[in-house]
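Visitor: Sequence:
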Amino acid sequence: MTTSRTAYKLDPSNPGSDLAAETAAALAAASLAFKPYNTSYSNLLLIHSKQLFSFADTFRGLYDDSIKCAKNFYTSSGYSDELLWAATWLFRATNDEYYLKYVSDNAASMGGTGWAVREFSWDNKYAGVQILLSKVLMEGGGGAYTSILKQYQAKADFFACACVQKNDGYNVAKTPGGLVYVREWNNMQYAASAAFLAAVYSDYLSKAHAILKCPEAQADYMLGKNPKSMSYIVGYGQMYPLRVHHRGASITSISLLHSLVGCVEGFETWYHRPEANPNIIYGALVGGPDNNDRFNDDRSNYEQTEPTISGSAPLVGLFTKLQSVAGGNSVSYHQKSPVPHQTTPSYYLKVTPAPKPKPDIPVEFFHSITKEWTVGRTTYYRHKVIIKNISQKPITDLKLNIDNLSGSVWGLSPTQEHNTYELPQWHQALKPGSECSFVYVQGGPQAKVSVQSYH
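Numbering (the UniProt record's numbering), first residue to last: 1 to 455.
Do not rely on the hints blindly, as some may be mistaken.
As the list claims (entries may be wrong) - Below, in silico cross-link-like pairs of lysine-lysine (BS3-like), each with a Cα-Cα straight-line distance of 27 Å or less:
1. LYS371 to LYS388
2. LYS50 to LYS371
3. LYS166 to LYS35
4. LYS431 to LYS448
5. LYS225 to LYS166
6. LYS9 to LYS68
7. LYS399 to LYS431
8. LYS35 to LYS388
9. LYS448 to LYS399
10. LYS135 to LYS225
11. LYS371 to LYS448
12. LYS101 to LYS174
13. LYS225 to LYS213
14. LYS371 to LYS35
15. LYS371 to LYS393
As the list claims (entries may be wrong) - Derived CB-CB ranges, DEER-like:
16. MET138 to GLU275: 51 to 61 Å
17. ASP123 to PRO394: 44 to 54 Å
18. ASP360 to ASN279: 48 to 58 Å
19. ASN291 to GLY143: 37 to 47 Å
20. LYS448 to ASN291: 55 to 65 Å
21. GLY143 to ARG5: 39 to 49 Å
Since the hints were derived computationally from the structure, they do not count as laboratory data. The structure presented is a predicted model; accordingly, all values stated were derived computationally and were not measured. Beta carbons are placed, not taken as given, at the ideal position from N, Cα and C, and that holds for glycine.
Produce the entire structure from the sequences given, and follow the hints as far as they go.
Guide: What follows is the structure in structure tokens.
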């Protein structure tokens, strides 16, 4: 692809509170996800999340006023929701009252308790804020801010009721076939986001089964239970979109053409071809049908055939929730290490030091099994390995050999050498007495970890 990939930046003179705060929220959420597996990386994400939130709040402005070319494609409607969104995720990640006070003090002025919305999207985070803060309230964490959190909860209830058609006329629109319908251009992203958020909220409600019917119906529609019997997830099912509005999917690979295809040539030669795309973009969620369930599989029909990250991303959480409700009995796709649906009690967790290292080896390994679960007849184990520097000098460029490994590894980076791993780039040195850790999941006996080289 010859199209330039220009990078843009935000700074105090060119602010972008919406974009910076959204990134802060993502890093705070990611820090929670990584915390059980790699605490040092989780802490690093949290540091940068706090920095970005401070920047977004201090230097306020719309990102598309600073990055003007974005106005033609993704115009921002405001940044208040993203500031509340970031503060809410930071409170969840840190339990620091500063962030809870922020969302309470700014609840009215930033619209958190004023906006009753019927969509959750890349541009509108209010419903997400309202549902996350409802969780804080339901868990008894409101404290002095309980009355404000109840106002957030009322708006969360509005969104949930709108999704299940219980709002006395102020509901989310649906197609005759039952698909959530928000707007014409790439509607499926809004359906996926609404279904995901409704599934999340069902965890917090006693009448969860009724709420779950909405996301389950949306997932079924996307997978092919609709008037056209078409899966809108590319590559899934017997019938799915073949002319996806995606450059990489619609132009034959350079390995077959043996020449580059420029932007102009790609448009003139490939864009309007009636044939199916030469490359299948597996897992992409396209824009989907119109408000009457009609779909035109045409590459130039970008409103319906264009895939987006904002559409595909919510599907991961949605399908994970529905799979867990189903008891984890769905068919796996060549998974080496399935997601656990049974965990061991905390008293099972054991730490076993590895054999004492040789005098010239500066690190010691502590191996533990922190979880186990069974899928079919196979028992899987979550292994955590702590690496400790027992020398008096910092260690850099540490490379490890891991033999008898059949599962995935988190917390280390693979090298080009077989079964050889190294610390991530951001973890440049292991100071004397300090530790880091990595995690892997597999069935059978534990892997064998040894030092290959270091400086």
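Visitor: Work down the list of hints and note, for each, if the structure agrees.
Guide: How the hints compare with the structure:
no., hint, verdict
1, LYS371 to LYS388, "holds (22 Å)"
2, LYS50 to LYS371, "violated (31 Å)"
3, LYS166 to LYS35, "violated (38 Å)"
4, LYS431 to LYS448, "holds (24 Å)"
5, LYS225 to LYS166, "holds (23 Å)"
6, LYS9 to LYS68, "holds (12 Å)"
7, LYS399 to LYS431, "holds (16 Å)"
8, LYS35 to LYS388, "holds (18 Å)"
9, LYS448 to LYS399, "holds (14 Å)"
10, LYS135 to LYS225, "violated (32 Å)"
11, LYS371 to LYS448, "holds (19 Å)"
12, LYS101 to LYS174, "violated (37 Å)"
13, LYS225 to LYS213, "holds (14 Å)"
14, LYS371 to LYS35, "holds (15 Å)"
15, LYS371 to LYS393, "violated (34 Å)"
16, MET138 to GLU275: 51 to 61 Å, "holds (53 Å)"
17, ASP123 to PRO394: 44 to 54 Å, "holds (46 Å)"
18, ASP360 to ASN279: 48 to 58 Å, "holds (51 Å)"
19, ASN291 to GLY143: 37 to 47 Å, "holds (45 Å)"
20, LYS448 to ASN291: 55 to 65 Å, "holds (59 Å)"
21, GLY143 to ARG5: 39 to 49 Å, "holds (47 Å)"
Figure legend: structure checked against the earlier numbered hints; hints not met, in rising order: 2, 3, 10, 12, 15.
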